[in-house]
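Trainee: Each protein sequence line maps, in turn, to chains A and B. Take the first sequence: its position 79, counting from 1, is numbered 79 in this note's numbering, and each next residue is one higher. Take the second sequence: its position 30, counting from 1, is numbered 30 in this note's numbering, and each next residue is one higher.
It should be emphasised that the hints constitute simulated quantities derived from the structure, not laboratory data.
Label pairs and their in silico Cβ distance ranges:
1. LYS255(B) to GLY311(A): 53 to 61 angstroms
2. ALA355(A) to ARG254(B): 52 to 60 angstroms
3. ASP207(A) to ARG254(B): 38 to 46 angstroms
4. ILE7(A) to ARG254(B): 32 to 40 angstroms
Listed below are several chain B residues computed to face chain A (Cβ distance under 8 angstroms; list not exhaustive):
5. LEU319
6. ALA322
7. GLY327
No experiment lies behind these values; they were computed from the predicted model shown. Cβ coordinates follow ideal geometry from the N, Cα and C atoms, glycine included.
The chain contents come next:
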Amino acid sequence: MSDVEFIGTTKIYDDGTVALDSLDLTVREGEFLVLLGPSGCGKSTALRLLAGLEDISRGEIRIGGSRVNDLPPGARGLGMVFQSYALYPHMTVRANLAFGLRRGRGDARVDAQEISVRVEEAAEMLDLHKWLDKKPRELSGGQQQRVAIGRALVRRPKVLLMDEPLSNLDAKLRNRMRFELRRLHEAHGTTTLYVTHDQVEAMTLADRVAILSEGKLQQSSKPLEAYHRPANSFVASFLGTPAMNLIEGAAKGGVFTAGELSFALPEHLAGRDGPGIFGVRPEDVQILDNGEGGGSPGDVHCRVGGVEHLGSDTVYHLEAGGNWIRALRRRSADRAQGTDGEPGEEIRVNLAVPAALIFED
Amino acid sequence: MSGVAHDSSGRAAGKPTLAERWYVPAEISALRVWLPFAALVNVLILGGEALRGNAAGMSGTLTAIVLLNSLYVALQNDARRWRRTASRIFATVALIHGALFPLWRDISLYDLWAVSWLVVPAGLSLYWLSTGLSGAWCAGASDARAAELGLARNRRLAPKLEAFGLHVFLLHAVALVVAPVVWIVDVSISPGNILGGAIFDAFSLEHFYAVLGGEAFWLWTSNSLVVALGTTLVGLLLAIPAGYAFSRYQFAGRKGAMFVFMLIQMFPGIIILVPYFMVMKTLGLLNTSIGLIVAYSVTALPLCVWMLKGFFDAVPRALEEAALLDGCNRVEVFFFVVLPLSLPAVAITALFSFLTAWNEFLLALVFNTSNDAYTLPVGLASMIPATNQLWGDFAAASIVVSIPVVVLFVLFQRSLIQGMSAGSVKG
Numbered sequence: 001m002s003d004v005e006f007i008g009t010t011k012i013y014d015d016g017t018v019a020l021d022s023l024d025l026t027v028r029e030g031e032f033l034v035l036l037g038p039s040g041c042g043k044s045t046a047l048r049l050l051a052g053l054e055d056i057s058r059g060e061i062r063i064g065g066s067r068v069n070d071l072p073p074g075a076r077g078l079g080m081v082f083q084s085y086a087l088y089p090h091m092t093v094r095a096n097l098a099f100g101l102r103r104g105r106g107d108a109r110v111d112a113q114e115i116s117v118r119v120e121e122a123a124e125m126l127d128l129h130k131w132l133d134k135k136p137r138e139l140s141g142g143q144q145q146r147v148a149i150g151r152a153l154v155r156r157p158k159v160l161l162m163d164e165p166l167s168n169l170d171a172k173l174r175n176r177m178r179f180e181l182r183r184l185h186e187a188h189g190t191t192t193l194y195v196t197h198d199q200v201e202a203m204t205l206a207d208r209v210a211i212l213s214e215g216k217l218q219q220s221s222k223p224l225e226a227y228h229r230p231a232n233s234f235v236a237s238f239l240g241t242p243a244m245n246l247i248e249g250a251a252k253g254g255v256f257t258a259g260e261l262s263f264a265l266p267e268h269l270a271g272r273d274g275p276g277i278f279g280v281r282p283e284d285v286q287i288l289d290n291g292e293g294g295g296s297p298g299d300v301h302c303r304v305g306g307v308e309h310l311g312s313d314t315v316y317h318l319e320a321g322g323n324w325i326r327a328l329r330r331r332s333a334d335r336a337q338g339t340d341g342e343p344g345e346e347i348r349v350n351l352a353v354p355a356a357l358i359f360e361d
Numbered sequence: 001m002s003g004v005a006h007d008s009s010g011r012a013a014g015k016p017t018l019a020e021r022w023y024v025p026a027e028i029s030a031l032r033v034w035l036p037f038a039a040l041v042n043v044l045i046l047g048g049e050a051l052r053g054n055a056a057g058m059s060g061t062l063t064a065i066v067l068l069n070s071l072y073v074a075l076q077n078d079a080r081r082w083r084r085t086a087s088r089i090f091a092t093v094a095l096i097h098g099a100l101f102p103l104w105r106d107i108s109l110y111d112l113w114a115v116s117w118l119v120v121p122a123g124l125s126l127y128w129l130s131t132g133l134s135g136a137w138c139a140g141a142s143d144a145r146a147a148e149l150g151l152a153r154n155r156r157l158a159p160k161l162e163a164f165g166l167h168v169f170l171l172h173a174v175a176l177v178v179a180p181v182v183w184i185v186d187v188s189i190s191p192g193n194i195l196g197g198a199i200f201d202a203f204s205l206e207h208f209y210a211v212l213g214g215e216a217f218w219l220w221t222s223n224s225l226v227v228a229l230g231t232t233l234v235g236l237l238l239a240i241p242a243g244y245a246f247s248r249y250q251f252a253g254r255k256g257a258m259f260v261f262m263l264i265q266m267f268p269g270i271i272i273l274v275p276y277f278m279v280m281k282t283l284g285l286l287n288t289s290i291g292l293i294v295a296y297s298v299t300a301l302p303l304c305v306w307m308l309k310g311f312f313d314a315v316p317r318a319l320e321e322a323a324l325l326d327g328c329n330r331v332e333v334f335f336f337v338v339l340p341l342s343l344p345a346v347a348i349t350a351l352f353s354f355l356t357a358w359n360e361f362l363l364a365l366v367f368n369t370s371n372d373a374y375t376l377p378v379g380l381a382s383m384i385p386a387t388n389q390l391w392g393d394f395a396a397a398s399i400v401v402s403i404p405v406v407v408l409f410v411l412f413q414r415s416l417i418q419g420m421s422a423g424s425v426k427g
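Make a model of the complete structure from these sequences and hints.
Mentor: Laid out in structure tokens, this is it:
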């Protein structure tokens, strides 16, 4: 059993800042869990508390069922990949990989023979053979990254921790390493906790994603579920590019009103009543041709404020009754409908789509 | 000298072009910087002559100053024909004065150097005012085309002139540093007890034999070694943990302690001399090496701690965290990761402690009054009492004493540079 449980885990710094507010979260054995959130949301704190690099203020953390609050970092059976890689600059790659194994004591003692076998294994797995006798500074960023992963894995950790491991790589390498990380996880099945602020990493890597904001857990679910059924407006706005349209207003009698803008709600939301935030993803906004048909109650008349051509998609920034609405159109659809939607042009969209949501907060 | 044929009124036809307005030959710009500098050096030389009470030298140098200043003034502002004429006259007079000046006296190396500070600037001025583009410019004969050519030429020439000026300056700086060393070496290899006299005129190793053959020197050396090595060891043992603690841990009084460390550095050592003496006397540590080791370690400690703290600050925390996760405890983290990365800083700190102890004079003089307990600096000083000064032996001993210092510096040069640029070291 090597699942990780955060039970009411809280971190309050000396100056009173609450970095993590009673986090309840379980990472199941073999699961790849991504902690996602903007900077300062507490995701790194959660990881550092688990690693033992900082003291827990309240609550506890269990690994494999046993409380680890007061265990030193090295005794928790963890491997960690740091954002800066934190390779020991004065040691060769081989020594970097072996360092943790040499420190093993008692049950964790590893003899010299076994150390060299495991280092070879790690080198094999991460394609590091050529670099084993070099110092970290002679390696490129991507190679250093591999060494850092190797160093974390060579101790056969119960849980693998990664703190924004890809953020120092260039975009191309990042995509490749992302794929490799997923592949490694599938090969080893090590329970993994991965911290990032990058939603693409979260969506692609995670079995499950836990979204944090201001020290509080907002939602933990499968990535696509978080995307399609966000628990609140924060999650809704944080996941997805361009971000979801969020219109603050009030629902009454099947009509949503926000300032001068008012439109009919879709059937599944028609029963809602009272203040709320109406949310619809840009790709779900239906762009209608002018003049066509008499219009349905969900139609909104907008003025095109700006157009962004991304190649595969086109993003329209639309102004309607003091609210800005983003609408996204695939290129193929674009062509079929013939209109480019020049800035200043009047355009009609339908927001009353089945994917629309109303959040209370 | 084609420029002379032109009339300056020819330029009045149109407004001067941008190039014409900006163009000043690089030589003239250089002279405008160098001439005041040369005059300043001559003022220093004048001071030297006054100290020597050399009336002829003083009047000669004074004339040189006046001439250089006149030349400088004549070269200011716009090119005018009369300026050029005046400048050339001043330069010629200066050159003749400089050439004649040494004739009526013995010239030493120093005099030759002094007079070259008149002759070289004057000669350069005269030469540049008479030839090429700058000559034409001074004659007021340059037109737009010549100005453009001149600007292009300036780009090539100006860096060379700058480099020349810089090297002259640097050579003087080097000479200033090396001169005392040359002098003491000369004294040490001159037979007899002579201070001064011609450089390297005779050679004898008698003083070295005298110093190295005497028992006293070796006794002082061993005292100094014990004290310096002891200070280094004690200093490091205290400064390394202290620096690390200041760098990594938050504790009550941390800021205050750092500030006090800085504060102590403000006071000259002589202020604490008497209290130190009382302490040493009470503890019975006068005339012992331990007394000096304690005193020196404490004196050198603040700076060592600050230096080491700065270096430890530069070791990324993530490295320590990685080591913690790799199963190290705090002490192992320090010895396996932080210390190996900080060796340059440790080296510089060690060297600093060693040199402080090796060179210190005042405390050693006051604490250790017995002949057996002298350290080298005190021992050396005892060689030049009021009567019967052994200058030759003293010089030889000074050189021998400096050798370990020089050797240490050469050995640790790399580490020293690394250590001093601590902040730039990436983990």
